[in-house]
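**Student:** Spelled out, the chains give:
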Amino acid sequence: MNDEIRKSVRRVDAVAKASGLAKYISDYDFGDILYARLVRSTRPRAKILSVTVPELPEGYYYVDYRDIPEKGKNRIQMIKDDWKVFAEDEVRYVGETIALLIGPDRERILNILSEIKIFYEDREPAYTIEEALACKGGAMVGDDNIYGEYNLVKGDPDTAFNNAARVVEGTYRTGFQEHLYMEPQGMVGTWEGGRVNIYASAQCPYYIQKSVSSALGVDGKNVRIKQVTTGGAFGGKEHFPDVIAVPLAVAVNKIKKPIELIFDRIEDISYTCKRHPSRITIKTALDKENNITGMDIDTVINGGGYESSTLIVLQRALLHGIGVYNIPNAHVRGRAVATNTFPSDAYRGFGAPQGLYAIEMHMSQVAKEVGMFPADFKRKYFIKNGDMTITNATMKDNVKLEEMFAAADEMSDYTRKIREYENDPYRGIGISFVNHGGGFTGNGEQEIIKGLVRMKRTGENRAALYVSNVEMGQGLQTVLRKIAAKELGLKYTDIEYDNPDTDIVPDSGPTVASRSTMVVGYLIQECAKKLKGKWDEGVGAEAEHRYIHPSEYKWDQDTLQGDAYPTYGWGINVVEVEMDTVTYEVKTTGIWSVFDVGIPMDDTIMDGQVSGGVIQGLGYASIEKCEVLDGRFRQHTMADYVIPTSMDFPEIKNKFIDNPYKYGPSGAKGAGELVFDAAAPAYADAVQQLTGKNIYDIPVTPEMIMELEE
Amino acid sequence: MVKSYRPDTLPEALKLMETRDMIPFAGGTDLMVKYQSWKGTLPGFPKDVLFLNYISSLKKIEVKGETLVIGAGVTLSDVADYPETPKVLRDAVLSIAAPGIRNIATLSGNICNASPAGDSICALYALDASVVLSKSGGNRECALPEFITGPGKTSLNSGELLTAVKIPLKKANVQEFRKVGTRKANALSKLSFSAVAEIKGDTVDGIALAFGAVGPTVIRSTELEKKLTGKTLEQIKLIQKDIMNDYSAMIVPIDDQRSTAAYRKQVALNLLKNFLESGLVQEMQ
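Heads up: the sequence lines are chains G and D, in that order.
The working numbering applies: residue 1 is where the first sequence begins, and numbers increase by one.
The working numbering applies: residue 711 is where the second sequence begins, and numbers increase by one.
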């Protein structure tokens, strides 16, 4: 049965996308349309003294916070509602939305835009974690610039450190990362049926509905959100679309005409959210026999100008902070700081990649300190079924890391090569071990989302599924159809599943957190069983199914104790590199991966996830440099913000280890983020083994390697 | 509102150049990026635009006597495909952007853009290339180092059009181009290095070395090249340290969004050292 579902089928969207027939937001004709351009802050931190707008020609509009309806709120509803729709009296980052300028002619909009004058009273900005902690320019948030702090404690770390024979310490840093989805941010707002409609390239239609309805002061049902074919997202279209959808909705509500708001590429790189930069200090206590007795992890992430979803990102970073290891005594501390950079937000992995990078590099460095090879050392501490996690619950997965390591070692010849390359100045090989919790962190699924799916018999041998989850390149429209078809005994092509429209589909939750296949797919599987029972009622028969949290997983959100995730995906990456000693450029000569994603739902789609995720992770580790200069991203063109091309990395050799999860459809677990997590530490470890020098920061650029070699 | 002109012949184009200040537009791959504006609006050209891509006489690439003459309309792909193109230039051209861009971008445009990171320019310096600057009244020729005066700056006079690039086809049995880019393909240069030399027996008969993106213009020193000329491998070994020090003083890169000054300088010197110690040796032995 499981072998049947994993068999590759042609993706339902393959022909339309490969042939160019697929319609993206900028391909639609909305008739007589107006164009919107954001009036943005040019200052990283300032008080707005006044704004001078020239007299506008007829048909042109300047829309700002004063246009929010009386019952509405000038706040975007993310996890925290601190981010304003339109800045009022202060700005906290370059690019903050002050207003929208709207009209029929784009040349004219640009001319008017150049005449708008904004007068500021500047304050000293803080851009880095260090500057934020030092409250440079005075605290912007609270009295310490800290959005939130958490502490996770397992065992008795204080005693472990007091009794330690030695302590190994390292501080690891990761940078901003830009999503660089193929299609930039974009949406069109219309006034239809006496209400605001938004057609958006987005991951989460119901998130947009929540933010828009709150700003307009109306019920959710008085706002319609329709997702249109989305050209990639990677988390960049999780919350950020709210940041432009809400001002657009305010404008449509005022003007009652269709308005287009689509970013150019440079605008998109310059003024959208990035992955949170991190600084993580890890101390490891060792006893006389060089066994780890305790660990202390201090994590700080840069949230930027507004908190939005930063604390959930932080939680995931901490919950993955100790990696795949069973450490008897540990303290994981986490803080998120406010700075004057563009607010950081979701990006594939959502905090886990930062935490996992740090722990993997640190474990390799401790291994070196005690005279062992990284894999030999790390394997001693692999967590097993029944072991205690950092949140003091038992690990409920059947952890197959040893079996996975055997497969990775056989494919890559790691054990032999690491010894052979030990004194080779030109070659190195690195390894990393990761896990990734499937579904929302903590109580998200059971308390916040409570996902609901609906199915309907629509013909003799046809059924439709209604979910709010979107296809964004990951293959979801194919996979969810396969799951439904399997239960109903139909062909996957006999299942209807359109881009979600909030008028039609129930809220099955956002397309995030590696939850769509595992959580929503399971709801569909169960819903399809119900529909099958009602099949004889004929065409039009319907069934619904709502998320029920499996009772064996307990979680306390206030204390962050219990089963943080019901299950995990597991992964191993091995990366082999060579160095050009003239230019310090690193060439990757081999990539091997082994993943446990439960049961893969489609071999070709999963191969695509592995290739895309691993290469994206390798870009993060090696070339994707994103610096802030005077509050602006210094690499803001595709010429300067470089991501890997097919020339940069060789083909990945991958193997899946089956390990079905009982609450996943046909045993599937989350996979979309797991495949990203292991690449950066494996690459940095390979360079570390090659140079013989500890690597602390990514991206590991040739410039950095040159300094290490000096 | 700027106007566009699209002459069919060179005399027409030169006549137009006399009447007004215009931006010559060959492939446009740099200009369209430089002046791009919001989707649906015109690019923000500050002056009238003269399109050169319909002038067939500028699309010729040919060998005249001992000189390779490349018309201003010749694309990078054409340069790469032409059998007589010196290897160092072919390698440089093939390191630029991606095939789609090379099919439309021109060598002359790369020169007029005068970027210190222009990859073809680095190779052309090492090849002693010159440019032909035309006016209604006649032509003048200008050596490349005199033509490119700074980042984005040239000595093109008003009314003049760059119509051809001339490369003397000297004997050079060692030709090396190295680009260190931000990634392996479709990348801009952090720095580049070009070397052209003729080795006779165990002696350097002639040598030219050029460094790109490590100063305001491409760096080349005929004075230091003279010190290497006529020397054997053993003799070069003796003066290598001094030569490296002299180049080190000339290489003055900057920090920017693509790399650091320290890296550019160190790697430029590493490339030079590597060339002197192995690139030259292979031919000598």
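Check the hints yourself; a few may be wrong.
To be verified - Computed cross-link-like contacts, DSS-like style, restricted to lysine-lysine with a CA-CA straight-line distance of at most 27 angstroms:
| no. | chain 1 | residue 1 | chain 2 | residue 2 |
| --- | --- | --- | --- | --- |
| 1 | D | K894 | G | K256 |
| 2 | D | K725 | D | K749 |
| 3 | G | K210 | G | K154 |
| 4 | D | K749 | G | K587 |
| 5 | D | K757 | G | K653 |
| 6 | G | K587 | D | K725 |
| 7 | G | K257 | D | K749 |
| 8 | D | K983 | D | K894 |
| 9 | G | K491 | G | K530 |
| 10 | D | K749 | G | K117 |
| 11 | G | K80 | G | K210 |
| 12 | G | K450 | G | K396 |
| 13 | G | K693 | D | K876 |
| 14 | D | K894 | G | K417 |
| 15 | G | K587 | G | K17 |
If you are wondering where the hints come from, they were derived from the structure by calculation, not from laboratory data.
Bear in mind the structure is a predicted one, so any value in this text is a computation, not a measurement.
**Student:** None of the hints should be skipped; say for each whether it holds.
**Tutor:** Consistency of the hints with the structure:
1. For the given pair, D:K894 sits about 50 angstroms from G:K256 by alpha-carbon distance, which is inconsistent with the 27 angstroms threshold.
2. About 33 angstroms separates the Cα atoms of D:K725 and D:K749, which puts this hinted pair outside 27 angstroms; it is violated.
3. Proximity of G:K210 to G:K154 is assessed by CA-CA distance (about 38 angstroms); at most 27 angstroms being required, the pair is judged violated.
4. With a CA separation close to 38 angstroms, the supplied pair D:K749 and G:K587 exceeds the 27 angstroms bound.
5. The suggested pairing of D:K757 with G:K653 is violated, with an alpha-carbon distance near 54 angstroms, which exceeds 27 angstroms.
6. About 53 angstroms separates the Cα atoms of G:K587 and D:K725, which puts this hinted pair outside 27 angstroms; it is violated.
7. Proximity of G:K257 to D:K749 is assessed by CA-CA distance (about 20 angstroms); at most 27 angstroms being required, the pair is judged to hold.
8. The straight-line distance between the Cα atoms of D:K983 and D:K894 is roughly 23 angstroms, inside the 27 angstroms bound, and the hint therefore holds.
9. Between G:K491 and G:K530 the CA atoms are separated by roughly 18 angstroms; this keeps the pair inside 27 angstroms, and the hint holds.
10. The hinted pair formed by D:K749 and G:K117 meets the criterion: a straight-line CA distance of about 24 angstroms does not exceed 27 angstroms.
11. The hinted pair formed by G:K80 and G:K210 meets the criterion: a straight-line CA distance of about 13 angstroms does not exceed 27 angstroms.
12. The straight-line distance between the Cα atoms of G:K450 and G:K396 is roughly 23 angstroms, inside the 27 angstroms bound, and the hint therefore holds.
13. For the hint pairing G:K693 with D:K876, the CA-to-CA distance comes to about 49 angstroms; that exceeds 27 angstroms, so the pair is violated.
14. Our distance criterion of 27 angstroms between C-alpha atoms is met by D:K894 and G:K417, whose separation comes to about 26 angstroms.
15. The suggested pairing of G:K587 with G:K17 is violated, with an alpha-carbon distance near 32 angstroms, which exceeds 27 angstroms.
When held up to the earlier numbered hints, the structure conflicts with 1, 2, 3, 4, 5, 6, 13 and 15 and fits the remainder.
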